[in-house]
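Those protein sequence lines, which keep their order, are chains F and U. Quick note on numbering: my numbering labels position 85 of the first sequence as 85, and the sequence is numbered without any gaps. Quick note on numbering: my numbering labels position 120 of the second sequence as 1120, and the sequence is numbered without any gaps.
Errors might be hidden in some of the hints.
As the list claims (entries may be wrong) - Partial chain U-side listing against chain F, Cβ under 10 Å, derived:
no.: 1; residue: Val1024
no.: 2; residue: Leu1089
no.: 3; residue: Ile1110
no.: 4; residue: Ser1114
no.: 5; residue: Ala1175
no.: 6; residue: Val1176
It should be emphasised that the hints constitute simulated quantities derived from the structure, not laboratory data. Idealized CB from N, CA, C, for every residue including glycine.
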Amino acid sequence: MIDIILVTAGLALITIGVFCDFVAAIGLIRLPNFFTRLHAATVGSIGGAVVPMLGAALLALGYEPLGSTRFILAGVAFTTSIVTMILSQAGSHALARATYRAKAAPLQPIIHDALAEKRGEEQ
Amino acid sequence: MKLSDIIVGIAMALLAVMLSYLMVYGGLGPIASYNIRPLAAAFLNNTYNPWQKIYSALSPEAVTAIVWDYRGLDTYFETSVLFIAIVGLVALFRGANIVQGISSKGLSIIVKTSTKIIVPLILVAGASLAFHGHLSPGGGFQGGSFMTVATALLAVAFSIEFLQQKRLSLNTLLAVRCVGLLAIAIVSVYLLINAVLLGGYAYIFQNMQRLLFSPNSLVAVGISQYSMPYWFLDRPLGGTLFFFNLSESIAVIGGLTLGAVLLLLRENELKTVIGGEEHE
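Work out the full structure, taking the sequences as your base and the hints as a guide.
Have a look at this one:
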């Protein structure tokens, strides 16, 4: 019984991951400037890599015939997903910050620039 | 949507379909011709063969055995190519040094914190690749370049002045690389020195005991009785393979980190060094 629940949850998470990857691919093509495209890329790496890796961990846990190997597989998948979750955010943060401060990409179309407001208050 | 986009998309899809067709139906031809299969069989039979030490490297990992034992000299020169390139880099940047400057703050605190989390993990994974090279896929060069990623991340996220403050200056890195290369040289002639001092015969890059040939003919006249340690506690050690992997990883960390730091030096400081303005 618990196997069926684990496998179903894992497959559901992988399905969510496929959807996020698809959305990220469309976003990378259609979105207007660098920062929004970076957002789409982060959707691809969090929703499209971390979530399905968690799903793979659950799937491995629920697959009885693997024996005790499934715990190793699940542990590796879980650790990788957590590490990816930390690192992809840090990477896209560093990219966006460097691009904003170096003015390497156009900001338009822009609705609200909180960073510029903050900088204006400080000065 | 432009016509070129459609054509590129169709071409990529066709490429994927054709590649999968080739893989499934074996269109790439037979895996290996029958003439060279006995060679592979000989390597697989002898790589870990405690009953025939004169042909064996006593390491369960066939690739490392071939790379560091069966063709050791070849690999040594292959390694030298990389380190000669680094010597060229050092010669080009001679006199350059890390100046404690204005921009020694590094990147934002988010990047710094996640770098702190990930650097120990990278170091451990690289060390396991390097020091288990004789037991599992991997090896000294792979593990060393893996660990170089950690130091390069530190240099980018915390600035190169941070490395300098942690006593990883350019000269230290050069010294680490030299120590690694020296260790490779010492391991490769260790048995030969043994044989010269204690009497008897041995080869350079010798790992286990080998057949001894007379200088003028291809007739085996005996067995060189010297051999490297091949068993550590309850694991095979692979003789020279472990020591070669260890020293190669040390040399690669030093050399590649040196290269990364040199390429990260700031342009303004370098112009005075490379430009040679004092010779005008």
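Structure-based check of all given hints:
Residue-level restraint check for U:Val1024 is violated (minimum Cβ-Cβ distance to chain F is 23 Å; threshold 10 Å). Look at U:Leu1089: its Cβ only gets to about 26 Å from chain F, farther than 10 Å, so that hint breaks. About 5 Å separates the beta-carbon of U:Ile1110 from the nearest beta-carbon of chain F, less than 10 Å, and the hint is met. Because the smallest distance between the Cβ of U:Ser1114 and any Cβ of chain F comes to about 4 Å, under 10 Å, the interface hint for this residue holds.
Given the 10 Å rule on beta carbons, the hint for U:Ala1175 is violated: about 32 Å separates it from the nearest Cβ of chain F. About 27 Å separates the beta-carbon of U:Val1176 from the nearest beta-carbon of chain F, more than 10 Å, and the hint is not met.
Comparing the model with each earlier hint shows violations of hints 1, 2, 5 and 6; every other hint is respected.
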